[in-house]
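Sequences are here, hints too, so could you generate the full structure?
Sequential numbering of the sequence shown, starting at 109, is according to this note's numbering.
The hints are simulated quantities; they were obtained by calculation from the structure and are not laboratory data.
Be aware that a few hints might be false.
Pair by pair, the computed Cβ-Cβ distance ranges are [claimed, not checked]:
hint: 1; residue 1: 376; residue 2: 485; range: 42 to 50 Å
hint: 2; residue 1: 256; residue 2: 276; range: 24 to 32 Å
hint: 3; residue 1: 273; residue 2: 128; range: 43 to 51 Å
hint: 4; residue 1: 131; residue 2: 484; range: 20 to 28 Å
hint: 5; residue 1: 326; residue 2: 213; range: 13 to 21 Å
hint: 6; residue 1: 110; residue 2: 232; range: 18 to 26 Å
hint: 7; residue 1: 295; residue 2: 419; range: 28 to 36 Å
hint: 8; residue 1: 518; residue 2: 126; range: 43 to 51 Å
hint: 9; residue 1: 235; residue 2: 126; range: 21 to 29 Å
hint: 10; residue 1: 469; residue 2: 215; range: 40 to 48 Å
hint: 11; residue 1: 469; residue 2: 128; range: 41 to 49 Å
hint: 12; residue 1: 131; residue 2: 263; range: 31 to 39 Å
hint: 13; residue 1: 508; residue 2: 231; range: 13 to 21 Å
hint: 14; residue 1: 419; residue 2: 471; range: 41 to 49 Å
For glycine and all other residues, C-beta sits at the position ideal for the given N, C-alpha and C.
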Amino acid sequence: MDIDASIFRSYDIRGAVGRTLTSDAVRSIGRSFGTEALRRGHRKCVLGGDVRRSTPSLRTKLTEGVRSTGLDVVDIGVVTTPIMYFAAESLGEGAGLMITGSHNPPQDNGIKMVLEHRALMADEIQSLRLRIRNEDYALGRGQFSTQDMSDRYIERVSTEIEICRPLKVVGDFGNGCAGIHTPIVLERLGCELIPLYARPDGRFPNHHPDPARPENVSALRSAVLTTRADVGIAFDGDGDRLGVLDERGRQIWPDRLLMLLAEAVLRDSPQKTPVVLDVKWSSNLRRVIESLGGTPVMCRTGHTWTKARMRETEAPLGGEFSGHICFADRWNGTDDATYAACRLLELVASSEHPASALFDRFPNWQSEPELLLEVSESDKFRIVDELVHRSSKLEGCVTAIDGVRIDQADSWALVRASNTAAHLSLRFEGRTSDDLARIRSRMLQELVEIYPALRAQFRLRSMSNS
109 MDIDASIFRS
119 YDIRGAVGRT
129 LTSDAVRSIG
139 RSFGTEALRR
149 GHRKCVLGGD
159 VRRSTPSLRT
169 KLTEGVRSTG
179 LDVVDIGVVT
189 TPIMYFAAES
199 LGEGAGLMIT
209 GSHNPPQDNG
219 IKMVLEHRAL
229 MADEIQSLRL
239 RIRNEDYALG
249 RGQFSTQDMS
259 DRYIERVSTE
269 IEICRPLKVV
279 GDFGNGCAGI
289 HTPIVLERLG
299 CELIPLYARP
309 DGRFPNHHPD
319 PARPENVSAL
329 RSAVLTTRAD
339 VGIAFDGDGD
349 RLGVLDERGR
359 QIWPDRLLML
369 LAEAVLRDSP
379 QKTPVVLDVK
389 WSSNLRRVIE
399 SLGGTPVMCR
409 TGHTWTKARM
419 RETEAPLGGE
429 FSGHICFADR
439 WNGTDDATYA
449 ACRLLELVAS
459 SEHPASALFD
469 RFPNWQSEPE
479 LLLEVSESDK
489 FRIVDELVHR
499 SSKLEGCVTA
509 IDGVRIDQAD
519 SWALVRASNT
529 AAHLSLRFEG
539 RTSDDLARIR
549 SRMLQELVEI
559 YPALRAQFRL
569 RSMSNS
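Below is the structure:
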């Protein structure tokens with residue numbers, strides 16, 4: 109069977125439902141996954157799903173495919189991706205599937221996959237595609253059962269965290285999965301929770317479920333200021349990415365969040381303890397980790413790469429700039445926004461200072477939100493390859509493990525191909541606004557020389573920001 113190759117991404121499967129991600133494709137993915145799981149010695153897997161309207165029908169097809177190989181399926185219902193990870197460890201022998209489109213538009217959906225206690229990597233996902241093309245499937249009759257893991261997860265997080273004084277917290281759940289379970293956790297921990305958009309709705313009617321974009325936290329900011337809350341937290345559609353606002357309503361970028369979390373983790377860790385970062389992180393984060401006695405370890409962007417590098421280095425903490433935060437000191441090493449939020453609240457509660465003061469202790473250069481430029485799937489890789497080829501003439505330290513990152517004394521820039529959409533992903537940061545403008549202009553000049561059609565997008569972005 110031939111399936112649209114574009115749905116097989118670097119760390120999950122994702123596509124437009126009914127167009128690229130069809131029912132037949134999902135059933136075949138289930139057959140391929142089930143066959144591979146059996147080959148690796150698994151006997152069963154857990155299956156969760158998000159709140160999207162297409163999820164129930166895709167769940168049926170995926171279950172059919174998996175069971176047709178002889179692998180048992182334990183359906184854990186509507187959950188966050190972190191609860192699926194938790195269930196895979198405690199119930200599914202390290203194997204699990206999650207039907208979710210994460211922060212993609214409502215018409216999209218996808219599948220995240222775990223085997224042998226870890227998320228599948230890019231080459232393994234392509235192997236599933238090859239198995240489908242060859243129709244190389246096991247045959248059997250797997251059993252089906254259901255089990256609610258929510259109470260067990262809520263109990264585990266609640267007993268793991270200690271918040272020593274009451275906090276007023278505004279939570280924007282974006283009508284996603286986190287609105288089902290996270291409010292219970294926060295209330296058990298003694299927080300006064302002011303919930304926004306906690307009712308699950310796969311249309312995401314209030315805003316796009318991506319907490320990294322400033323426009324998606326405007327309601328959260330207003331609520332934090334109006335209620336005089338201690339902190340604001342925001343979640344993506346499947347609950348594995350976290351956004352944070354301090355009590356002044358300022359959006360705390362993930363690099364400053366990880367500075368605070370790393371300080372707490374490294375305080376009780378041996379010298380040279382590794383902390384894993386993807387290529388999008390601020391240069392300041394690396395400097396802070398080194399000043400705390402830790403060792404920053406850079407990896408490719410993508411939650412699967414972060415977790416894999418954490419396992420390799422035995423790092424207690426890692427993160428991706430989009431808001432995936434992974435703890436392996438007191439937790440299971442997965443990207444869990446609910447747990448990460450609770451660790452942050454634990455630190456805020458234990459301090460006599462407000463959240464803003466905790467973050468303001470760390471260096472903060474001038475930066476911009478991640479810039480996404482629309483290009484075709486094929487062109488995005490060609491552009492990055494050409495930029496890698498030209499990078500020798502760019503001033504600064506060049507890192508090419510995922511796109512091109514240029515580090516200079518007073519600034520840095522990153523250009524890479526997005527793993528989840530037909531975009532180029534760009535980040536710029538400078539010690540001053542002039543430093544930021546200088547490196548931004550230099551990198552955009554290179555990109556326009558490689559791909560002149562980008563000039564119009566730069567012009568539109570400049571007009572919208574003026």
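We went through each hint and held it up to the structure:
1. 376 - 485: 42 to 50 Å: Given a distance of about 45 Å, which is inside 42 to 50 Å, the answer is holds.
2. 256 - 276: 24 to 32 Å: At 30 Å between Cβs, range holds.
3. 273 - 128: 43 to 51 Å: For residue 273 and residue 128 the Cβ distance comes to about 50 Å; the hint holds.
4. 131 - 484: 20 to 28 Å: 27 Å, holds
5. 326 - 213: 13 to 21 Å: Holds, since residue 326 and residue 213 (Cβ atoms, about 19 Å apart) stay within the stated range.
6. 110 - 232: 18 to 26 Å: 20 Å, holds
7. 295 - 419: 28 to 36 Å: 33 Å, holds
8. 518 - 126: 43 to 51 Å: 49 Å, holds
9. 235 - 126: 21 to 29 Å: With Cβ atoms ~26 Å apart, the hint holds.
10. 469 - 215: 40 to 48 Å: 43 Å, holds
11. 469 - 128: 41 to 49 Å: Holds: the Cβ-Cβ distance is about 47 Å, inside 41 to 49 Å.
12. 131 - 263: 31 to 39 Å: Distance hint for residue 131, residue 263 holds at roughly 36 Å.
13. 508 - 231: 13 to 21 Å: 19 Å, holds
14. 419 - 471: 41 to 49 Å: 30 Å, violated
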